[in-house]
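Going down the list, the sequences are from chains A and B.
Each residue of the first sequence is one higher than the one before, counting from 1205 in our numbering.
Each residue of the second sequence is one higher than the one before, counting from -14 in our numbering.
Since the hints were derived computationally from the structure, they do not count as laboratory data.
Please read these numbers as outputs of a predicted model, since none were measured by experiment.
Positions of the beta carbon are idealized from the N, C-alpha and C atoms, including for glycine.
One or more hints might be untrue.
[Said to hold, decoys possible] Lysine-lysine pairs mimicking BS3-like chemistry, simulated, CA-CA at most 27 angstroms apart:
(1) LYS253/B with LYS171/B
(2) LYS1323/A with LYS1239/A
(3) LYS260/B with LYS111/B
(4) LYS1404/A with LYS(-12)/B
(5) LYS1357/A with LYS1239/A
(6) LYS1404/A with LYS224/B
[As the list claims (entries may be wrong)] Partial selection, computed: residues in chain B whose CB lies under 10 angstroms from chain A:
(7) LYS(-11)
(8) GLU(-5)
(9) ASN18
(10) GLU22
(11) SER25
(12) ALA80
(13) PRO94
(14) PRO169
(15) ALA247
[What the hints assert, rightly or not] Here's a subset of chain B near chain A, in silico, CB distances under 10 angstroms, partners left out:
(16) ALA(-13)
(17) LYS(-12)
(18) PRO65
(19) SER68
(20) LEU69
(21) GLN71
(22) GLN100
As a plain string of letters, each chain reads:
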Amino acid sequence: MSNTVTFKRYTVMIGNFGSGKTELSINLAIDAAKKGSTMLVDMDIINPYFKSSSKQQILEQAGVRVIKPDYANTMMDVPTLPAEIYAPFDTKPDRAVFDIGGDPVGASVLGLLQEHFAKCKDESEFLFVINPARPMQSTPEAILSLLREIEAKARIQVTGLICNGNLAQETDMDIIAQGEQMAEAVSRLTGIPIKCTAVKEDLAPSYEGNYPVLPVHLYMRPDWLNEIL
Amino acid sequence: MAKKLMKGSEAIGEAAIQAGCRYFFGYPITPQNEIPEYMSRRLPQEGGCFLQAESEVAAINMVYGAAGAGARVMTSSSSPGISLKQEGVSYIACAELPCVIVNIMRVGPGLGGIQPAQGDYFQATKGGGHGDYHLVVLAPSTVQEAADMVMEGFDIADTYRIPVMVLGDGMIGQIMEPVEFRQPKKREVPAKTWAATGWEDKSRDRAVINSLYIEPEQMLEVTERLMARYEQIKQNETKVETFMMEDAEYCITAYGTTARIAKSAVLKARAMGIKVGLIRPITIWPFPSEAYEKAADQVKAFLTVEMSAGQMVEDVRLAVNGKKPVYFKGTLGGFVPTTQDMVNELVKLTEGRE
């Protein structure tokens, strides 16, 4: 099965750092910009490097409006957000993708927008990205505990799971399948449905699993990372 | 344990635990906060002790204490925090104690910024603190290597009773890559009969941990012992990687993340017909001078690339000893050079435009 996945107007990516939120957010935004007005809201104030807004140029060339922390991509380690983060609710673009920092502290910034999301409940979805190849994320219980912590801090409820089992360049079908098994276990424990499986674009055509596929282009990887020393 | 996708900082934390480290004392600073964060979560699970000290100065002195009691202990910081630790590092070196110190370098001088840099090479390899001492300094280029070096670093530290520094740039601390934890090659690590763990057994001398030697004869004895040990370390522990040097007419040289970019540049330049190879020091103290001495009889010129204003280049020049020109290309401000930057420099080199 590989139906195209459809997303709501407000798509919020949450999960453990390293689960793949940033890469997925960029992919979603660039894809959405082909069809309508799109914003990417980088609300990650805990990562010093590798924020989605570090790809601002690529995003803007694709027609995505990028909203980012005040001092993102500078030398400053100052975790503040601009008032512009409310723009998606004022101007209602066709799609706004929110990329949230990868732990309960990072997710607490979502609380700022809680009232706005509450007003647009039917148009909002909160997607929890699962990658069991991350440390301390290798059991359903550990993932669930993080999910609940993030929900509490962010004052939202997760509406869907994204299977994103990956080991960066070493991802293969087994790793992807392990991601799905883990997401299925979390889904059984919580009743939260699985939204889709993210698959590196080169592997996507050979995917034979049960979920809609989200093909992923890796925008964040520097080319020299391919040199294994 | 299956491969995990980890940030360099997390991998460093787990590697220390896998190596039997149960004590971590530190103070947070970007871009290595994930090390203390990881240790604060993991060490209690292993019955260890994570302690966020009131300052870097306190943290390094806690390391001094734990090392003196024979424990495997680690601290980590980034450039300005490592500067604060230097007095304690010198004491630990003088007291001949093993420990692992991780420096995830950010750009400086001063408080500088949080972006990656390699400006602490002098500090790491030429002293940093006062007096005649050295650290063994290991320079990882990948997350996997950072993990391996931390694990082996504890063995090296215990074998030679010396502080070992793992020197990574901010990129090594922050980037995520697949990593597995594998035990280093087996060494005969001597028992810590010198550790101050009480004096139940009166048949042995009291264990005294000290770095104060008022009598010049005593101080001389200690420093001579240290110097002899450093010679031994140079013999046994120097490590270097060479890549496509066999037929190279030019040599690019770098360590850490920069070496990885340089490797990529070598491949690109080779595709353009430039015969270039890479020398990558894996230990930067001891420095692999021999590799350069050998290459100096073969290549036309050397190009050192660093995320600094030119530090390792001095060791390269000492090793090449005037036989061939040694050029330098630095990247400052916290920027990371691109493969293309380096290819451009290599082209200039071949056209004699340096």
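(request) Against chain A, run the beta carbon of ALA80/B and see if the smallest gap drops under 10 angstroms. (result) 34 angstroms, violated
(message) Just to be careful: measuring from the Cβ of GLU22/B to every Cβ in chain A, is the smallest value less than 10 angstroms?
(response) With a minimum Cβ separation of about 9 angstroms from chain A (threshold 10 angstroms), the hint on GLU22/B holds.
(message) Interface hint check: GLN100/B, Cβ to nearest Cβ on chain A, cutoff 10 angstroms. Holds or violated?
(response) 6 angstroms, holds
(request) Measure nothing beyond the straight line between the CA atoms of LYS253/B and LYS171/B; if it is 27 angstroms or shorter, mark the hint as holding. (result) At roughly 38 angstroms apart (the allowed maximum being 27 angstroms), LYS171/B and LYS253/B break the hint.
(message) So, as I understand it, the hint says PRO65/B touches chain A; can you test that by seeing if any CB pair is closer than 10 angstroms?
(response) 12 angstroms, violated
(request) With chain A as the partner, please determine if GLN71/B meets the hint condition of a C-beta pair closer than 10 angstroms. (result) Since the shortest Cβ distance to chain A is 23 angstroms, the answer is violated.
(request) Would you check the hint for LYS1357/A and LYS1239/A, treating anything up to 27 angstroms between C-alpha atoms as holding? (result) It is violated: about 33 angstroms lies between the C-alpha atoms, which goes past 27 angstroms.
(request) Compare the distance between the alpha carbons of LYS1404/A and LYS(-12)/B with 27 angstroms, and conclude whether the hinted pair is satisfied. (result) The given pair, whose Cα atoms are some 18 angstroms apart, holds under the 27 angstroms limit.
(message) Can you verify the interface hint for LYS(-12)/B: is its Cβ closer than 10 angstroms to any Cβ in chain A?
(response) 6 angstroms, holds
(message) Would the hint on LEU69/B be counted as holding, given a Cβ-Cβ threshold of 10 angstroms to chain A?
(response) 17 angstroms, violated
(request) Would you settle whether the hint for ALA(-13)/B is holds or violated, based on the nearest Cβ-Cβ distance to chain A being less than 10 angstroms? (result) 8 angstroms, holds
(message) Using the nearest Cβ pair, does GLU(-5)/B come within less than 10 angstroms of chain A?
(response) Cβ of GLU(-5)/B sits 6 angstroms from chain A, so the hint holds.
The structure does not agree with the numbered hints 1, 3, 5, 6, 11, 12, 13, 14, 18, 19, 20 and 21 stated previously, though it agrees with the rest.
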